[in-house]
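Chains A and B, in that order, are what the protein sequence lines are.
According to the numbering used here, the first sequence is numbered sequentially starting from 1.
According to the numbering used here, the second sequence is numbered sequentially starting from 1.
Rather than coming from a laboratory, the hints here were simulated on the basis of the structure.
Glycine included, every Cβ here is placed at the ideal spot set by N, Cα and C.
Treat the hints loosely; a few may be bogus.
[Claimed, not checked] Quick partial rundown of chain A residues pointing at chain B, CB under 10 Å, derived from the structure:
#1 GLN25
#2 MET26
#3 ASP27
#4 ASP28
#5 ILE30
#6 LYS41
#7 MET44
[Stated by the list, open to error] EDC-like cross-link-like pairs, simulated, lysine to aspartate or glutamate; straight-line CA separation at most 16 Å:
#8 B:LYS373 x B:ASP407
#9 B:LYS109 x B:GLU74
#10 A:LYS18 x A:ASP37
#11 B:LYS267 x B:ASP151
#12 B:LYS391 x A:ASP27
#13 B:LYS301 x A:ASP42
#14 A:LYS41 x B:ASP151
#15 A:LYS41 x A:ASP28
#16 A:LYS2 x B:ASP425
#17 B:LYS391 x A:ASP28
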Amino acid sequence: MKNTVQALKDAGLRAKVKIMIGGGQMDDHIRQYTGADAYGKDAMVALSLARSWVGA
Amino acid sequence: MDTQMLAPHEKLEAHFKDFASPQGVQFASPETEQAYQRRVQMIKDVVQLRKPERVPVCPTIGFYPFVYAGITVEEAMYDYAKLGQALTKFHADFVPDSLSGAPIYGSGKVFEILDYKLYRWPGHGVPSTTPYQCVEAEYMHADEYDLFINDPSGYFMRFYLPRVFGALGAWQMVAPLTDILELPFFGPYIVPIGIPPVQQAFEKLLEAGRAAMEWIQAAGAADNATLSTLGLPALIGGFTKAPFDTLGDTMRGTRAIMLDKFRQPQKLLAAMDRLVPLAIDMGARSAGLGHHPIVFIPLHKGADGFMSNEDYKTFYWPTLKAVILGLVNAGLVPYLFAEGGYNQRLDLITDPDIPKGTTIWMFDQTDMKEVKKRLGGWACFGGNVPVSLLKAGTVEDVKTYVKRLIDDVAQDGGFILSTGAVLDDAKPENLHALIETGKEYGVYR
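Here chain A stands alone, though its shape is the one from the complex:
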């Protein structure tokens, strides 16, 4: 995850995208470590996050 976020930065795309990470062991420590914008424990949280990001 950290490598993927870094690759997006290196490609100059980081400011244009939103990145969420997910799964049972995700928390704010891991969000900061990877450089993602948000985290969620399961698919329902991912849905809420995506909705809030696109204003739906």
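Dock chain B against the given chain A, drawing on the hints supplied.
For chain B alone, coordinates are given in the frame of chain A:
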């Protein structure tokens, strides 16, 4: 010893006695042997809800020793010398209170020979540094419950295993072993064994067995070295599963079993009842082999969010409870590893039918103060130190977390300091901080 005629608590005492004096182990020194026995005593004390001399520190270790030793997961699964060296180094450098056994990582060679389709492992679908991944599918089909219930072993041999192992596909042509009854009908029974693909399947199985011998000698030697030079007992003696997870993890799969709860609940319940004695027998046999009374039961699909409490009470708990009671009656200690969150289940698992001081419950993302309220005085508990903290936190973060956890829930004993989840990655200084803080701050005065 023969414990057939003893009461459950007498059997448990006998099992702990065996555990404290392992057969065939040459300890490096009398001090090492004493250290081993003190650690076994700490485990016994917490299981039986007493205050031990200090909090036992038993992190649940996954692939971290290989990250620490600088070898890949692929090397650990194929190069048994490297596997042994990595684990020996890990235990010597960190010295937790329990040994993390070498056999759990498996032999890539054995899986290759049998063409194991249930997993992707390094070199077979995932990169060399990535732990194995389970491939969920309906290996048991929706209309096969009756086949399974009628004859679980026959179903495994003729339907399940041929799908899970590519090399055993031809076993679907073999008749159930219970057909072997008398001379006139034995001739026709044995004929399919002569069919070339069936012959090849058995030859592959023999080859896998030979490869497993080579592997277990190296893996066993590594564990034996750690045990005898550092005096670390394993926390796990045997293994079994909750019937709902047996069906849901690797037979029906998550999606299918959740649909079965609605589409064919009676079949699902009957299959789980059928699994109870098999699960008790598996746990008891595997514990007996190692002369170690603690039986590990990882809990998966009953975690918070997977089903309602009503469904938990109907589908998950009754057969798990029966397995727990079966093991307790055999003088064994079920060790329930509650992965994920278990906050909404705490009132359901603290079942008065389960005798006090006979089980271990490990939690991850469950409120430990609530655990203490519900389980305190009933069962040993522990876990909860986040693996994210060990990977991305600081030494100070870890020390603070451990001290607060001990202050909050460890004061009356019956507590094991451990990680919430299985540890696959960490900063070494953070794992040291967990272990050292536990050993220093966890002394009972």
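What are the numbers of the hints that this structure violates, sorted from low to high?
Checked against the structure, the only hint that fails is number 14, while the rest are satisfied.
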